[in-house]
Amino acid sequence: MNDINTRKTGVLLVNLGTPDTPETGDVRKYLREFLMDKRVIDIPAPQRFVLINGIIAPFRAPKSAKIYKELWEERGSPLLYHSVDLKNSLQEQLGAKYHVALGMRYQSPSIQSALEELRSKFVDRIIVLPLFPQYASASTGSVQDKVMEIVKEWWIVPDITFISSFCDDPLFIQAFAALGRKYLEKEPYDHIVFSYHGIPERHILKGSVNNYCKLGSCCDTYHKMNRYCYRAQCFLTSRLLAKELNLTEGQYSVTFQSRLGKDPWLKPYTDVLLQDLPAQGKKRVLAFSPAFVADCLETTIEVGSEFKELFEKAGGEHWQLVESLNSSPLWVEAVKQMILRN
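Number 342 marks the last residue of the sequence shown (the working numbering); no jumps.
Bear in mind the hints are in silico, worked out from the structure with no lab data behind them.
Wrong hints could be hidden among the right ones.
Stated by the list, open to error - Using 25 Å as the maximum straight-line C-alpha spacing, the simulated DMTMM-like pairs for lysine to aspartate or glutamate come out as follows:
{"hint": "1", "residue 1": "K63", "residue 2": "E73"}
{"hint": "2", "residue 1": "K38", "residue 2": "E153"}
{"hint": "3", "residue 1": "K267", "residue 2": "E298"}
{"hint": "4", "residue 1": "K214", "residue 2": "E187"}
{"hint": "5", "residue 1": "K308", "residue 2": "E187"}
{"hint": "6", "residue 1": "K8", "residue 2": "D85"}
{"hint": "7", "residue 1": "K97", "residue 2": "E73"}
{"hint": "8", "residue 1": "K63", "residue 2": "E33"}
{"hint": "9", "residue 1": "K69", "residue 2": "E116"}
{"hint": "10", "residue 1": "K243", "residue 2": "D168"}
{"hint": "11", "residue 1": "K38", "residue 2": "E298"}
{"hint": "12", "residue 1": "K121", "residue 2": "D159"}
{"hint": "13", "residue 1": "K8", "residue 2": "E92"}
{"hint": "14", "residue 1": "K97", "residue 2": "D85"}
{"hint": "15", "residue 1": "K282", "residue 2": "E312"}
{"hint": "16", "residue 1": "K152", "residue 2": "E116"}
{"hint": "17", "residue 1": "K69", "residue 2": "E249"}
What you are looking at is a predicted structure, and each value in this text was computed from that prediction instead of being measured.
With the hints as constraints, model all of the structure from the sequences given.
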(Lines of atoms letter the chains of each structure in order from A; the text may use other names.)
(Lines give C-alpha, C1' and ligand atoms only; values in the text may rest on other atoms or scores of the structure.)
Protein backbone atom coordinates (compact mmCIF):
# COMPACT_ATOMS: atom_id res chain seq x y z
CA MET A 1 0.00 0.00 0.00
CA ASN A 2 1.17 3.58 -0.74
CA ASP A 3 1.84 5.78 2.27
CA ILE A 4 1.60 9.57 2.31
CA ASN A 5 5.20 9.93 1.12
CA THR A 6 4.90 7.60 -1.87
CA ARG A 7 1.68 8.81 -3.41
CA LYS A 8 1.79 9.07 -7.19
CA THR A 9 0.02 11.45 -9.54
CA GLY A 10 -1.17 10.19 -12.89
CA VAL A 11 -0.88 12.39 -15.97
CA LEU A 12 -3.00 11.60 -19.00
CA LEU A 13 -1.95 13.30 -22.23
CA VAL A 14 -4.57 13.04 -24.98
CA ASN A 15 -4.24 13.92 -28.63
CA LEU A 16 -6.79 13.57 -31.41
CA GLY A 17 -5.69 10.30 -32.97
CA THR A 18 -4.49 8.80 -36.22
CA PRO A 19 -5.17 5.72 -38.34
CA ASP A 20 -3.13 2.66 -37.36
CA THR A 21 -1.75 2.51 -40.90
CA PRO A 22 -2.24 4.62 -44.04
CA GLU A 23 -4.16 1.81 -45.71
CA THR A 24 -7.71 2.54 -46.81
CA GLY A 25 -9.33 0.12 -44.36
CA ASP A 26 -7.61 1.64 -41.34
CA VAL A 27 -8.28 5.18 -42.54
CA ARG A 28 -11.97 4.32 -42.99
CA LYS A 29 -12.08 2.87 -39.46
CA TYR A 30 -10.50 6.04 -38.06
CA LEU A 31 -12.85 8.35 -39.96
CA ARG A 32 -15.90 6.43 -38.78
CA GLU A 33 -14.92 6.67 -35.13
CA PHE A 34 -13.90 10.31 -35.42
CA LEU A 35 -16.89 11.57 -37.36
CA MET A 36 -19.45 9.50 -35.43
CA ASP A 37 -18.57 11.52 -32.32
CA LYS A 38 -21.69 13.51 -31.49
CA ARG A 39 -19.54 16.49 -30.52
CA VAL A 40 -17.83 16.52 -33.92
CA ILE A 41 -20.89 16.19 -36.13
CA ASP A 42 -23.73 17.37 -33.94
CA ILE A 43 -26.78 16.02 -35.77
CA PRO A 44 -29.19 13.30 -34.58
CA ALA A 45 -27.54 9.88 -34.31
CA PRO A 46 -29.55 8.12 -37.04
CA GLN A 47 -28.75 10.85 -39.57
CA ARG A 48 -25.13 10.92 -38.49
CA PHE A 49 -24.84 7.14 -38.93
CA VAL A 50 -26.18 7.26 -42.49
CA LEU A 51 -24.08 10.29 -43.42
CA ILE A 52 -20.81 8.88 -42.09
CA ASN A 53 -21.15 5.21 -42.96
CA GLY A 54 -23.07 5.64 -46.19
CA ILE A 55 -21.40 8.69 -47.72
CA ILE A 56 -18.39 10.31 -46.06
CA ALA A 57 -16.29 7.35 -44.89
CA PRO A 58 -16.66 5.19 -48.02
CA PHE A 59 -15.83 8.01 -50.42
CA ARG A 60 -13.35 9.98 -48.33
CA ALA A 61 -11.27 7.06 -47.03
CA PRO A 62 -9.46 6.20 -50.32
CA LYS A 63 -8.58 9.86 -50.92
CA SER A 64 -7.44 10.37 -47.33
CA ALA A 65 -5.38 7.17 -47.46
CA LYS A 66 -3.34 8.58 -50.35
CA ILE A 67 -2.62 11.70 -48.31
CA TYR A 68 -1.71 9.70 -45.20
CA LYS A 69 0.78 7.72 -47.29
CA GLU A 70 2.51 11.01 -48.16
CA LEU A 71 2.60 11.89 -44.47
CA TRP A 72 3.72 8.51 -43.10
CA GLU A 73 7.35 8.17 -42.04
CA GLU A 74 9.60 5.33 -40.95
CA ARG A 75 8.39 5.75 -37.37
CA GLY A 76 4.79 5.83 -38.54
CA SER A 77 2.30 8.64 -38.03
CA PRO A 78 4.05 11.89 -36.98
CA LEU A 79 1.19 12.84 -34.67
CA LEU A 80 1.60 9.57 -32.79
CA TYR A 81 5.37 9.42 -32.49
CA HIS A 82 5.68 13.11 -31.61
CA SER A 83 3.09 12.52 -28.86
CA VAL A 84 5.05 9.49 -27.61
CA ASP A 85 8.24 11.57 -27.57
CA LEU A 86 6.46 14.26 -25.56
CA LYS A 87 5.16 11.68 -23.10
CA ASN A 88 8.61 10.16 -22.61
CA SER A 89 10.33 13.53 -22.18
CA LEU A 90 7.67 14.69 -19.73
CA GLN A 91 8.02 11.51 -17.69
CA GLU A 92 11.74 12.08 -17.44
CA GLN A 93 11.23 15.68 -16.35
CA LEU A 94 8.52 14.96 -13.76
CA GLY A 95 10.24 12.00 -12.14
CA ALA A 96 9.09 9.00 -10.14
CA LYS A 97 6.24 10.69 -8.25
CA TYR A 98 4.33 10.95 -11.52
CA HIS A 99 3.25 8.40 -14.09
CA VAL A 100 2.56 9.77 -17.58
CA ALA A 101 0.28 7.90 -19.96
CA LEU A 102 -0.77 8.73 -23.52
CA GLY A 103 -4.17 8.17 -25.07
CA MET A 104 -5.76 9.12 -28.38
CA ARG A 105 -9.35 10.24 -28.54
CA TYR A 106 -9.79 8.06 -31.61
CA GLN A 107 -7.98 4.78 -32.31
CA SER A 108 -4.74 3.67 -30.65
CA PRO A 109 -3.54 3.94 -27.96
CA SER A 110 -7.02 4.48 -26.58
CA ILE A 111 -8.01 6.66 -23.65
CA GLN A 112 -9.40 3.48 -22.07
CA SER A 113 -6.00 1.75 -22.18
CA ALA A 114 -4.21 4.85 -20.87
CA LEU A 115 -6.60 5.18 -17.93
CA GLU A 116 -6.22 1.49 -17.13
CA GLU A 117 -2.46 1.98 -17.18
CA LEU A 118 -2.78 4.78 -14.62
CA ARG A 119 -5.15 2.75 -12.47
CA SER A 120 -2.69 -0.16 -12.46
CA LYS A 121 -0.07 2.22 -11.04
CA PHE A 122 -2.36 3.02 -8.06
CA VAL A 123 -2.26 6.75 -8.74
CA ASP A 124 -4.01 8.90 -6.15
CA ARG A 125 -5.17 11.50 -8.63
CA ILE A 126 -5.18 12.07 -12.38
CA ILE A 127 -4.44 15.26 -14.28
CA VAL A 128 -5.89 15.14 -17.81
CA LEU A 129 -4.28 17.37 -20.42
CA PRO A 130 -5.99 17.33 -23.82
CA LEU A 131 -3.29 18.52 -26.21
CA PHE A 132 -5.48 21.20 -27.79
CA PRO A 133 -4.41 24.75 -26.87
CA GLN A 134 -7.82 26.30 -27.52
CA TYR A 135 -10.96 24.78 -26.00
CA ALA A 136 -13.59 23.41 -28.39
CA SER A 137 -16.43 21.06 -27.61
CA ALA A 138 -15.39 18.89 -30.56
CA SER A 139 -11.85 18.40 -29.22
CA THR A 140 -11.24 19.13 -25.53
CA GLY A 141 -14.91 18.69 -24.66
CA SER A 142 -14.96 15.32 -26.39
CA VAL A 143 -11.91 14.15 -24.43
CA GLN A 144 -13.49 15.22 -21.15
CA ASP A 145 -16.71 13.46 -22.12
CA LYS A 146 -14.86 10.22 -22.96
CA VAL A 147 -12.78 10.22 -19.77
CA MET A 148 -15.87 10.65 -17.60
CA GLU A 149 -17.74 7.98 -19.57
CA ILE A 150 -14.97 5.52 -18.71
CA VAL A 151 -14.25 6.40 -15.07
CA LYS A 152 -17.93 6.49 -14.11
CA GLU A 153 -17.81 2.69 -14.30
CA TRP A 154 -14.91 2.49 -11.83
CA TRP A 155 -15.88 1.53 -8.30
CA ILE A 156 -13.22 3.87 -6.91
CA VAL A 157 -12.75 7.12 -8.80
CA PRO A 158 -9.63 9.15 -7.90
CA ASP A 159 -9.50 12.93 -7.94
CA ILE A 160 -9.48 14.06 -11.57
CA THR A 161 -8.38 17.48 -12.80
CA PHE A 162 -8.86 18.66 -16.38
CA ILE A 163 -6.68 21.32 -17.97
CA SER A 164 -9.27 22.68 -20.37
CA SER A 165 -7.18 25.24 -22.24
CA PHE A 166 -3.69 26.65 -22.43
CA CYS A 167 -4.24 29.17 -25.23
CA ASP A 168 -2.50 31.92 -23.25
CA ASP A 169 0.10 29.89 -21.37
CA PRO A 170 3.29 31.99 -21.45
CA LEU A 171 5.67 29.10 -22.15
CA PHE A 172 3.38 27.71 -24.85
CA ILE A 173 3.44 31.11 -26.54
CA GLN A 174 7.20 31.43 -26.13
CA ALA A 175 7.80 27.94 -27.52
CA PHE A 176 5.79 28.60 -30.70
CA ALA A 177 7.29 32.06 -31.14
CA ALA A 178 10.80 30.62 -30.83
CA LEU A 179 10.11 28.25 -33.72
CA GLY A 180 8.86 31.09 -35.90
CA ARG A 181 11.67 33.42 -34.93
CA LYS A 182 14.18 31.02 -36.50
CA TYR A 183 12.64 31.73 -39.90
CA LEU A 184 12.10 35.46 -39.35
CA GLU A 185 15.75 35.95 -38.45
CA LYS A 186 16.96 34.20 -41.60
CA GLU A 187 15.01 36.12 -44.24
CA PRO A 188 12.26 38.74 -44.61
CA TYR A 189 8.55 37.89 -44.85
CA ASP A 190 5.77 40.17 -46.05
CA HIS A 191 3.04 38.66 -43.90
CA ILE A 192 2.33 36.13 -41.14
CA VAL A 193 -0.67 33.79 -41.19
CA PHE A 194 -1.94 32.11 -38.02
CA SER A 195 -4.12 29.28 -39.34
CA TYR A 196 -6.35 27.39 -36.89
CA HIS A 197 -8.49 24.33 -37.38
CA GLY A 198 -11.99 25.52 -38.21
CA ILE A 199 -15.26 24.49 -36.59
CA PRO A 200 -18.86 25.17 -37.66
CA GLU A 201 -20.15 28.57 -36.60
CA ARG A 202 -23.08 26.84 -34.89
CA HIS A 203 -20.65 25.23 -32.43
CA ILE A 204 -19.59 28.69 -31.28
CA LEU A 205 -23.17 29.89 -31.00
CA LYS A 206 -24.28 26.80 -29.07
CA GLY A 207 -21.64 27.49 -26.43
CA SER A 208 -22.33 31.21 -26.16
CA VAL A 209 -23.30 32.45 -22.68
CA ASN A 210 -26.49 34.56 -22.75
CA ASN A 211 -26.15 34.84 -26.56
CA TYR A 212 -23.06 36.98 -26.09
CA CYS A 213 -21.32 35.70 -29.21
CA LYS A 214 -21.88 37.60 -32.45
CA LEU A 215 -18.97 36.06 -34.40
CA GLY A 216 -17.44 39.52 -34.69
CA SER A 217 -15.67 42.07 -32.52
CA CYS A 218 -16.84 40.23 -29.39
CA CYS A 219 -13.60 38.22 -29.71
CA ASP A 220 -11.35 41.28 -29.67
CA THR A 221 -11.03 40.96 -25.90
CA TYR A 222 -10.93 37.85 -23.73
CA HIS A 223 -12.94 37.69 -20.49
CA LYS A 224 -15.40 35.56 -18.52
CA MET A 225 -18.18 35.87 -21.11
CA ASN A 226 -16.11 34.27 -23.88
CA ARG A 227 -13.63 32.31 -21.77
CA TYR A 228 -14.53 29.02 -23.49
CA CYS A 229 -15.18 30.46 -26.93
CA TYR A 230 -12.87 28.72 -29.39
CA ARG A 231 -12.83 31.71 -31.73
CA ALA A 232 -11.95 34.14 -28.92
CA GLN A 233 -9.15 31.86 -27.75
CA CYS A 234 -7.70 31.63 -31.28
CA PHE A 235 -7.62 35.40 -31.53
CA LEU A 236 -6.06 35.63 -28.06
CA THR A 237 -3.29 33.16 -28.97
CA SER A 238 -2.63 35.14 -32.13
CA ARG A 239 -2.39 38.46 -30.29
CA LEU A 240 0.03 36.96 -27.78
CA LEU A 241 2.17 35.38 -30.50
CA ALA A 242 2.19 38.65 -32.42
CA LYS A 243 3.31 40.50 -29.31
CA GLU A 244 6.06 37.96 -28.65
CA LEU A 245 7.23 38.32 -32.27
CA ASN A 246 6.94 42.14 -32.26
CA LEU A 247 4.31 42.13 -35.02
CA THR A 248 1.86 44.97 -35.59
CA GLU A 249 -1.80 44.33 -36.36
CA GLY A 250 -1.45 44.71 -40.12
CA GLN A 251 1.46 42.28 -40.31
CA TYR A 252 -0.58 39.15 -39.60
CA SER A 253 -3.91 37.47 -40.30
CA VAL A 254 -5.96 34.97 -38.29
CA THR A 255 -7.62 32.31 -40.45
CA PHE A 256 -9.34 28.93 -40.20
CA GLN A 257 -8.78 25.75 -42.21
CA SER A 258 -10.08 22.20 -42.75
CA ARG A 259 -13.79 22.92 -43.16
CA LEU A 260 -16.13 20.07 -44.02
CA GLY A 261 -19.61 20.23 -45.56
CA LYS A 262 -21.72 23.15 -46.73
CA ASP A 263 -22.62 24.80 -43.42
CA PRO A 264 -20.74 28.02 -42.59
CA TRP A 265 -17.54 27.51 -40.63
CA LEU A 266 -15.37 30.09 -38.89
CA LYS A 267 -14.02 32.70 -41.28
CA PRO A 268 -11.86 33.87 -42.89
CA TYR A 269 -10.96 30.61 -44.59
CA THR A 270 -7.21 30.14 -44.92
CA ASP A 271 -7.34 28.74 -48.46
CA VAL A 272 -9.39 31.73 -49.64
CA LEU A 273 -7.40 34.47 -47.91
CA LEU A 274 -3.99 33.21 -48.97
CA GLN A 275 -4.93 33.50 -52.64
CA ASP A 276 -5.62 37.22 -52.16
CA LEU A 277 -2.29 38.00 -50.49
CA PRO A 278 -0.01 38.14 -53.58
CA ALA A 279 -2.19 40.82 -55.19
CA GLN A 280 -1.68 42.89 -52.01
CA GLY A 281 2.08 42.65 -52.40
CA LYS A 282 2.38 39.98 -49.71
CA LYS A 283 4.31 37.41 -51.66
CA ARG A 284 6.45 35.92 -48.88
CA VAL A 285 4.37 34.39 -46.10
CA LEU A 286 5.25 32.56 -42.89
CA ALA A 287 2.43 30.28 -41.71
CA PHE A 288 1.82 29.05 -38.16
CA SER A 289 -0.68 26.37 -37.08
CA PRO A 290 -1.12 27.25 -33.38
CA ALA A 291 -4.06 24.88 -32.84
CA PHE A 292 -1.75 21.88 -33.27
CA VAL A 293 1.07 20.92 -30.91
CA ALA A 294 2.25 17.96 -33.01
CA ASP A 295 2.78 17.85 -36.75
CA CYS A 296 0.07 15.95 -38.56
CA LEU A 297 -1.89 15.87 -41.79
CA GLU A 298 -3.40 19.31 -41.14
CA THR A 299 -0.01 20.95 -40.67
CA THR A 300 2.48 19.11 -42.88
CA ILE A 301 0.16 18.33 -45.80
CA GLU A 302 -2.64 20.91 -45.68
CA VAL A 303 -0.72 24.02 -44.56
CA GLY A 304 2.75 22.95 -45.64
CA SER A 305 2.00 21.52 -49.10
CA GLU A 306 -1.54 22.21 -50.31
CA PHE A 307 -1.67 25.85 -49.19
CA LYS A 308 1.82 26.41 -50.56
CA GLU A 309 0.65 25.22 -53.98
CA LEU A 310 -2.44 27.46 -53.88
CA PHE A 311 -0.36 30.44 -52.80
CA GLU A 312 2.19 30.00 -55.57
CA LYS A 313 -0.53 29.55 -58.20
CA ALA A 314 -1.97 32.88 -57.05
CA GLY A 315 1.38 34.58 -57.63
CA GLY A 316 3.06 34.05 -54.27
CA GLU A 317 6.82 33.56 -54.17
CA HIS A 318 7.48 31.82 -50.86
CA TRP A 319 5.19 30.03 -48.39
CA GLN A 320 6.87 28.62 -45.29
CA LEU A 321 5.24 26.46 -42.64
CA VAL A 322 6.49 26.78 -39.06
CA GLU A 323 6.67 23.26 -37.66
CA SER A 324 4.63 22.30 -34.61
CA LEU A 325 5.98 22.12 -31.06
CA ASN A 326 6.31 18.32 -31.17
CA SER A 327 8.71 17.53 -28.30
CA SER A 328 10.87 20.65 -28.32
CA PRO A 329 12.51 21.33 -24.93
CA LEU A 330 10.61 24.56 -24.21
CA TRP A 331 7.30 22.85 -25.02
CA VAL A 332 8.15 19.95 -22.69
CA GLU A 333 8.93 22.51 -19.99
CA ALA A 334 5.61 24.27 -20.68
CA VAL A 335 3.68 21.01 -20.19
CA LYS A 336 5.68 20.20 -17.07
CA GLN A 337 4.81 23.57 -15.54
CA MET A 338 1.12 23.15 -16.40
CA ILE A 339 1.11 19.80 -14.60
CA LEU A 340 2.94 21.16 -11.56
CA ARG A 341 0.53 24.10 -11.28
CA ASN A 342 -2.40 21.68 -11.23
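Against the structure, the hints come out as follows:
1. K63 / E73: holds, 18 Å
2. K38 / E153: holds, 21 Å
3. K267 / E298: holds, 17 Å
4. K214 / E187: violated, 39 Å
5. K308 / E187: Holds: K308 and E187 sit about 18 Å apart, inside 25 Å.
6. K8 / D85: holds, 22 Å
7. K97 / E73: Outside the cut-off at roughly 34 Å; violated.
8. K63 / E33: Distance of about 17 Å is within 25 Å: holds.
9. K69 / E116: violated, 32 Å
10. K243 / D168: Holds - the C-alpha atoms of D168 and K243 are around 12 Å apart, at most 25 Å.
11. K38 / E298: holds, 21 Å
12. K121 / D159: holds, 15 Å
13. K8 / E92: holds, 15 Å
14. K97 / D85: holds, 19 Å
15. K282 / E312: holds, 12 Å
16. K152 / E116: holds, 13 Å
17. K69 / E249: violated, 38 Å
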